[in-house]
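Q: Sequence:
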Amino acid sequence: MSHAKIAIIGGGPGGASTALYALERGIDPEDITLFDAAHFPRKKLCGGGLTFRGSESLQELLGERPFGRAVPNLIFRASLGDIEVREPGPQYLYDRGILDHALIDRCRARGIRVVEGARLKSIEPGASAHRLVFADGTRAKAVLVVGADGARSVVRREAGLRGGPLGRLVEAVYGPGDSARFEAFDKEGALIFDFEPVLMGIPGYRWAFPYPLPDGERRFKVGIMDGRGIHSGERLREETSAYAESLGLIPLEPKIAGWPEHYFHRKSKAHTEGIFLTGEAWGIDPLLGEGIAPAYQMGAYAASRLKEALDRGVRKLPDYERRFLRSEEGKNLVFQGFLADRLYGQNGAHWLSVLFANPRLRELAARETEVYGRLRRRAPELILSYIALWWREHFGRRPRLTLPRAR
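Plus 896 on top of the position in the sequence shown (first one is 1) and you've got the numbering used here.
Some clues are possibly wrong.
Below, a list of computed lysine-lysine pairs in the DSS-like style, where the Cα atoms sit at most 25 angstroms apart [stated by the list, open to error]:
1) Lys1151 x Lys940
2) Lys1212 x Lys901
3) Lys1117 x Lys901
4) Lys1203 x Lys1037
5) Lys940 x Lys1017
6) Lys901 x Lys1203
7) Lys939 x Lys1151
8) Lys1117 x Lys1017
9) Lys1212 x Lys1017
10) Lys1117 x Lys1151
11) Lys1165 x Lys1227
12) Lys1227 x Lys1212
13) Lys1163 x Lys1212
14) Lys901 x Lys1165
15) Lys901 x Lys940
No wet-lab data here; the hints were simulated from the structure.
Just so it is clear, the structure is predicted and the values come from calculations on it, not from any experiment.
Build out the structure end to end from the sequences listed, making use of the hints.
A: Right, here's the structure in full:
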């Protein structure tokens, strides 16, 4: 039976970044073992979009970018109009198989032991270490266990930690079809987040992203997210097919795949004796379902707390969740949840119109100074802009009361 001080379950963005940041915090690579159920490179259902802050984190982790494609801007869209979002630098699109493999290779190159084909089955708690039981019957012991095993986290389940809300996405790969419709769509060259589903009664958005692969063939990932998981996969697949057709795209895969998403919530639990959650096991952005960038930020946080636990010789840090909620990433994930509760709640169509009509939001989005996922600090001025707009709509058009002149 192998033994490690730190066992990381899951080699995606959350797990790999936690391992690499742990080295930066001074943890010996020989003290870390990373387990994943898959063999890398592996196919992964994901839009593959990485916003500016995620791109900065990736540069920090790897020092160079894997094969991908830069995109200059985002477009938030609905029949209400478009909001163009320009961050301080480009966003990037990646194939998740290539991206995750690059991080796993970096872990290996830096001396971290990576065990592939290791599907966690259960955890047997211990006073000084936990015993990990894998599906093939092998076992391992670890003083500290990091759960970075995604939406269906076995670590979270075994630890009995309360999770956040679950949603659903479906996605497939498409290629150019109808020339006129495709050319109109293709010339935009942006990451399109289309919120029309909110107006159709689906609490989420649909997307159409370029899908870059080394062979240079034109491909696109098209999908839809149900941020509350209330609609059937069949309906989401029908809507995805119709959306792709409207863009002049044709399917390149026999079926539209589906997967759950686990969203961050301020009341979620991510820690108990010897167990620390990170990445989607803790939760992703509740508004857009962005998972990669938050996972990198969570990885940096988890690594710091793991180092603290080792230095202090403890397995429990009572403020693990609380301190994260006070961090910049934590505060903004809570804010994203606030927005998601409105957009994806009972009055979603109303709040969507409020956001699209907010002049201050449009101004900030176009300035190239703001970063997606970092708008919490702008909340007061956005609220004031909303109040001013509401006041003008309700009182600004009323005729002035004219009093008769005194004679």
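Q: Hint by hint, say whether it matches the structure.
A: Against the structure, the hints come out as follows:
no. : hint              : verdict
1   : Lys1151 x Lys940  : 15 angstroms, holds
2   : Lys1212 x Lys901  : 14 angstroms, holds
3   : Lys1117 x Lys901  : 40 angstroms, violated
4   : Lys1203 x Lys1037 : 18 angstroms, holds
5   : Lys940 x Lys1017  : 21 angstroms, holds
6   : Lys901 x Lys1203  : 11 angstroms, holds
7   : Lys939 x Lys1151  : 15 angstroms, holds
8   : Lys1117 x Lys1017 : 32 angstroms, violated
9   : Lys1212 x Lys1017 : 23 angstroms, holds
10  : Lys1117 x Lys1151 : 13 angstroms, holds
11  : Lys1165 x Lys1227 : 16 angstroms, holds
12  : Lys1227 x Lys1212 : 23 angstroms, holds
13  : Lys1163 x Lys1212 : 18 angstroms, holds
14  : Lys901 x Lys1165  : 22 angstroms, holds
15  : Lys901 x Lys940   : 29 angstroms, violated
Of the numbered hints given earlier, the model fails hints 3, 8, 15; all others are met.
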